[in-house]
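If you read the sequences in order, they're chains A and B.
Going by numbering that gives the first Met the number 0, the residue at position 274 of the first sequence is 273; the numbering climbs one at a time, nothing skipped.
Going by numbering that gives the first Met the number 0, the residue at position 204 of the second sequence is 203; the numbering climbs one at a time, nothing skipped.
It is possible that part of the hints are untrue.
With a straight-line cut-off of 25 Å between C-alpha atoms, the simulated DMTMM-like cross-links for lysine to aspartate or glutamate are [said to hold, decoys possible]:
| hint | chain 1 | residue 1 | chain 2 | residue 2 |
| --- | --- | --- | --- | --- |
| 1 | A | Lys192 | B | Asp109 |
| 2 | A | Lys99 | B | Glu306 |
| 3 | B | Lys125 | A | Glu12 |
Hints were generated in silico from the structure; no laboratory data involved.
Number of protein chains: 2
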Amino acid sequence: MTDKHYIGMPLQEIDTPALVIDLKVMEDNISRMAGYFAGIGANLRPHVKTHKCPIIAHKQLAAGAKGITCSKLGEAEVMVQTGIQDILIANEIVGPRKIKRLMDLAARADLMVAVDDEKNIEDLAKAVRAAGVRLGVLVDVNVGMNRCGAEPGKPSLELARKVHASHGLTFMGIMGYEGHVVGVADPGERSRKGREAMKLLVETKDLIERSGIPVEVVSSGGTGTYDISGPYPGVTEIQAGSYIFMDAHYRETGIAFGCALTLLATVVSLHLPDRIITDAGMKTITAEFGMPVVKGGEELEVIGLNEEHGKIRTRTGKSSLTVGDTIELIPSHGCTTINLHDRYYGVRNGTVEAVFPILARGKSV
Amino acid sequence: MTDKHYIGMPLQEIDTPALVIDLKVMEDNISRMAGYFAGIGANLRPHVKTHKCPIIAHKQLAAGAKGITCSKLGEAEVMVQTGIQDILIANEIVGPRKIKRLMDLAARADLMVAVDDEKNIEDLAKAVRAAGVRLGVLVDVNVGMNRCGAEPGKPSLELARKVHASHGLTFMGIMGYEGHVVGVADPGERSRKGREAMKLLVETKDLIERSGIPVEVVSSGGTGTYDISGPYPGVTEIQAGSYIFMDAHYRETGIAFGCALTLLATVVSLHLPDRIITDAGMKTITAEFGMPVVKGGEELEVIGLNEEHGKIRTRTGKSSLTVGDTIELIPSHGCTTINLHDRYYGVRNGTVEAVFPILARGKSV
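The shape of chain A in the complex, shown without the other chains:
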């Protein structure tokens, strides 16, 4: 069946396992986040690594987003092919093969990339001069996640100076992802830790500006901290991504977006109420943040995933499910679950309204 045959089909008839978007909930999430950023100084630059879908990125842009954020060059290449122009690749682009691709892309779009290494800055500057393109650069500052990024303060200033002094690169500012904060469940602790991280970032911005280098962009933030980092004085852009769908893991933080994403699965074997077997395993839904949650099925608990099977038990010891029935699972981690699929089925009022290809699925290179 081609995608168009699904339009108008009842949700329960989609061939499973299938990734399903509740379109109304997604649209509400887009509006709510856009509305929040319409009211503050900072801009929203949604991270597309969550949905990996140009159609959805265009909806976010239409709602007012300044541009998009990508994790990977391959994602950015896909997005540029669909006409998106203003892209932050919030990651280090390393090695001659990737830098060549980056130059090709910079000739076609308005790009910013992150840097945290002197040699990489030299490589990028040399490539930009050879290609004759414009490339915006953000110095990546470690605000406490201890992943990529130079230390705040002087080490980041040194890199900013190097970028600014380079022949070729356009120094745009700094970024710092508070990834160690976004999932903190307690709102008070999340706010305190988020502000600590932003203090490091904005102090670094101030240091760079005092040295005479203007800082136009200060980028940070995720779905867990958009309303902490977004209004923090000096921050100009927020990279939130997961808000588009939410997931069971993020929902535990109490952040007020709706769960728009489910995996439709079919019961394929059932001999005991504690051994309800579905066709949704690790190859279609991920579990690194915990087991998926059965939507509207409080009595049902996912107790295990094999590659192509899920095992569910009933807390009550009985179930009305039978072989062939479908259920919806809320992923614990949307970003990695989506990366397993080639398309979304967009559903409204129980009927398929659209099929969205996940064109950046697997674009990790």
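Chain A is already provided as a structure; the job is to place chain B on it using the hints.
Then chain B, alone, in the frame of chain A:
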């Protein structure tokens, strides 16, 4: 770059993250397993859910495999498109949409499917009569994994009778996957538990035959039990899949196949020897069976994966790695890691010899 531009390229120059096969090791694994089955009565029907690659399936068939095993109908559809004819779908095929696809495929290939439910048997029989195709059926027996499958003995006999008496279905035999045994690390315990499972399976075969129904196929086995279940009297086919590449998890069982699969990754950020950051995260290598292992890097330990980053520490406190260097990671679980990728780079003596598309990647529907 198109795939052909990679031919002849040194391993270290492949754009990363990239899934790499050591062709010599894979070929040795194919030969060793084929040689083992040449010497016993049972046949090898390799499971392609591991590699998901028709080119590799054809190599296994050329080495003597009787046919292939698939987990999913979508995998079988891909394999039939490449000319493979003899396929066991070792899974229940449930629901009208999937059964329609199964009939279409049965018109073009010699298929067997698993059943464990009376209503499903009726649905399949009705569809086979309407389509006028031949469909081989194996009754799925629960030999202790407690996933799919009817209980051994009488419940399985009842299903066999139902298939045999159906107008349309071709009863071929039984299958029982000892998935609870394949990963048992201790060889003695693995052997004992494997033989217990096969006893249940073969006793069920005997019961069915005593009732006057011939049992041609008794299928079981994985890479952890091929040499336990394979020679067990009465077993006719083994479904091993992971042996093709092995992985860090299976290697712990001491099974004598070589690790042929690695993920080539690049160091993208390095500020401290305990914070070596690579471009290989959860979207390119899985961790449900533990962290990946650095090939040839005993002093290096993968301590964490984010979506697009891996974090490595040195046990010695120092490292000669620098930004831009590549390393190879041995996946802890090949099957789910491969399902994230679109192609393998086949390498011999450090040079890319072939690029194999992973055509059944994501074919979980």
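Q) Of the hints stated earlier, which fail here? A) 1
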